[in-house]
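Take these sequences, add in the hints, and give me the full structure.
There are 2 protein chains.
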Amino acid sequence: MSQPYVPTPRTRLVREADRAVYDREAAYRILDEGFLCHVGFVVDGQPFVIPTSYGRKDDSLYIHGSAASRMLRQLKDGVPVCVTVTLLDGLVLARSIFNHSMNYRSVVVLGKATLVDDPKEKVEALRLLSEHIIPGRWADSRQPNERELKATSVLRLPIEEFSAKVRSGPVVDDEADYSFPTWAGVVPLKMVAGTPIGDARLDPTIQVPPYVKRYSRSR
Amino acid sequence: MSQPYVPTPRTRLVREADRAVYDREAAYRILDEGFLCHVGFVVDGQPFVIPTSYGRKDDSLYIHGSAASRMLRQLKDGVPVCVTVTLLDGLVLARSIFNHSMNYRSVVVLGKATLVDDPKEKVEALRLLSEHIIPGRWADSRQPNERELKATSVLRLPIEEFSAKVRSGPVVDDEADYSFPTWAGVVPLKMVAGTPIGDARLDPTIQVPPYVKRYSRSR
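Chain order of the listed sequences is A and B. Okay, so the first sequence: first residue is 1 according to the numbering used here, each after it adds one. Okay, so the second sequence: first residue is 1 according to the numbering used here, each after it adds one.
Hints are computed from structural coordinates only; laboratory data are not their basis. Small disclaimer: the values here were computed from a predicted structure and weren't measured. Check each hint, because a few of them may be wrong.
As the list makes no split between identical chains, a pair holds if one copy fits it or if it spans any two.
[What the hints assert, rightly or not] When the alpha-carbon atoms are kept at most 30 angstroms apart in a straight line, the in silico BS3-like pairs for lysine-lysine are as follows: (1) Lys76 - Lys112; (2) Lys190 - Lys57; (3) Lys57 - Lys76; (4) Lys190 - Lys120; (5) Lys57 - Lys150; (6) Lys150 - Lys213; (7) Lys76 - Lys190; (8) Lys57 - Lys122; (9) Lys76 - Lys213; (10) Lys213 - Lys190; (11) Lys190 - Lys150; (12) Lys213 - Lys112.
In structure tokens, the structure reads:
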């Protein structure tokens, strides 16, 4: 059980407060289904939003990247950061244009990231990241060597100040619009994995592992 | 034909420069396949990254939302903004953990948004947005009325300063790793539409329109 959560003025939803989810477990289910986040940081007053992968363990998010990248160099100095994860679930086609919407689940985490520099903790964070994205893959791969670890930066962001927002379910139209003669409903959207494409130089005796064959984000 | 594009120091890629795409047409193909963006803006030094839908016409991006929302209220004052669109195409499973990657296409647009306040232009921008997300839907819907238009803010962001980044194709392993005995290859990922779910109060004589039945983002 993780601790209960009280939103701050920065994370309390202003609009559509009925879509707010302040429950930590619910937010973690969203974070665990996704693996792509958008990281926001500020350089000279200009916000940058960069897509990257992430992993979660307990009340921490981990992101990684080249030690030489603009983002990692900025973030390791402990600047304010925003990490947002969005899962898109569907298009909501109302009878009126105004009531069109999307079904989605999103989490916004605010905070400051810190560099994971203890070598053991760094390898463990990389394992977490790998297992978050493709569970089962770490043990089947050639492990990182010293040079590779040096070239990689790992950052930890505590999940302290956050909000989650969920819209699900059917169309909500104004009562007067239900007689408007048009189709209305939801088009479900889902990220699905296609047939794996083996590498051209793959040893033909090596089978596709189950974690690849049955890859899915549903938890 | 749109004008050629020269990156600024803020949008020139630092890392993995081989993945950079500075061609405006290529960036627009990415923007036209997506419809979900992540908008970054700064309040009191803190970056916020919020998911929202968008539309494109010519060299402009349009976003919209409740006139009362925190994001729209901030952005309409012409603060610096970053709009990022990411399309995820696959997981790249290399033999080494270090060479694992993702196939993706992303566009980052920096600039300042302006409020679209001319009523005619505002309706046209809303039409663009709607047609960007579900082509064919606008004409089939009950059009926005005065009250709804008032409650909606539309912002225009010129696509002037931007960068695009693309990673596609197979695994790239270190030469020494090709003999490492593990599966390697690409797991393709795709956002797909499921079977449309008609609204519970739908008139049963109304057919599912073709733009719903054959909904797809591939352009």
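Status of the hints after comparison with the structure:
1. Taking the shortest Cα distances, Lys76 and Lys112 sit within 30 angstroms of each other both inside one copy (9 angstroms) and across copies (27 angstroms).
2. For the identical chains of this complex, Lys190 and Lys57 are neighbours both inside a copy (25 angstroms) and across copies (27 angstroms), given an alpha-carbon limit of 30 angstroms.
3. In the homo-oligomer, the alpha carbons of Lys57 and Lys76 lie at most 30 angstroms apart inside one protomer (19 angstroms), although the nearest pairing across protomers, at 38 angstroms, exceeds that limit.
4. Proximity of Lys190 to Lys120 under the C-alpha cut-off of 30 angstroms is found in neither arrangement, the shortest distances being 37 angstroms within a copy and 35 angstroms between copies.
5. Taking CA atoms no more than 30 angstroms apart as the test, Lys57 paired with Lys150 passes inside one copy only; the shortest distance there is 22 angstroms, against 44 angstroms between copies.
6. When the C-alpha separation of Lys150 and Lys213 is checked against a cutoff of 30 angstroms, the pair qualifies neither within a copy, at 32 angstroms, nor between copies, at 50 angstroms.
7. Proximity of Lys76 to Lys190 under the C-alpha cut-off of 30 angstroms is found in neither arrangement, the shortest distances being 34 angstroms within a copy and 33 angstroms between copies.
8. Taking identical chains as interchangeable, the C-alpha atoms of Lys57 and Lys122 lie at most 30 angstroms apart only when both belong to the same chain, with a minimum of 13 angstroms there against 45 angstroms between chains.
9. Proximity of Lys76 to Lys213 under the C-alpha cut-off of 30 angstroms is found in neither arrangement, the shortest distances being 37 angstroms within a copy and 47 angstroms between copies.
10. Within a single copy, Lys213 and Lys190 get their C-alpha atoms as close as 18 angstroms, and across copies as close as 15 angstroms, so both meet the 30 angstroms cut-off.
11. Within a single copy, Lys190 and Lys150 get their C-alpha atoms no closer than 37 angstroms, and across copies no closer than 33 angstroms, so neither meets the 30 angstroms cut-off.
12. For the identical chains of this complex, Lys213 and Lys112 are neighbours neither inside a copy (37 angstroms) nor across copies (45 angstroms), given an alpha-carbon limit of 30 angstroms.
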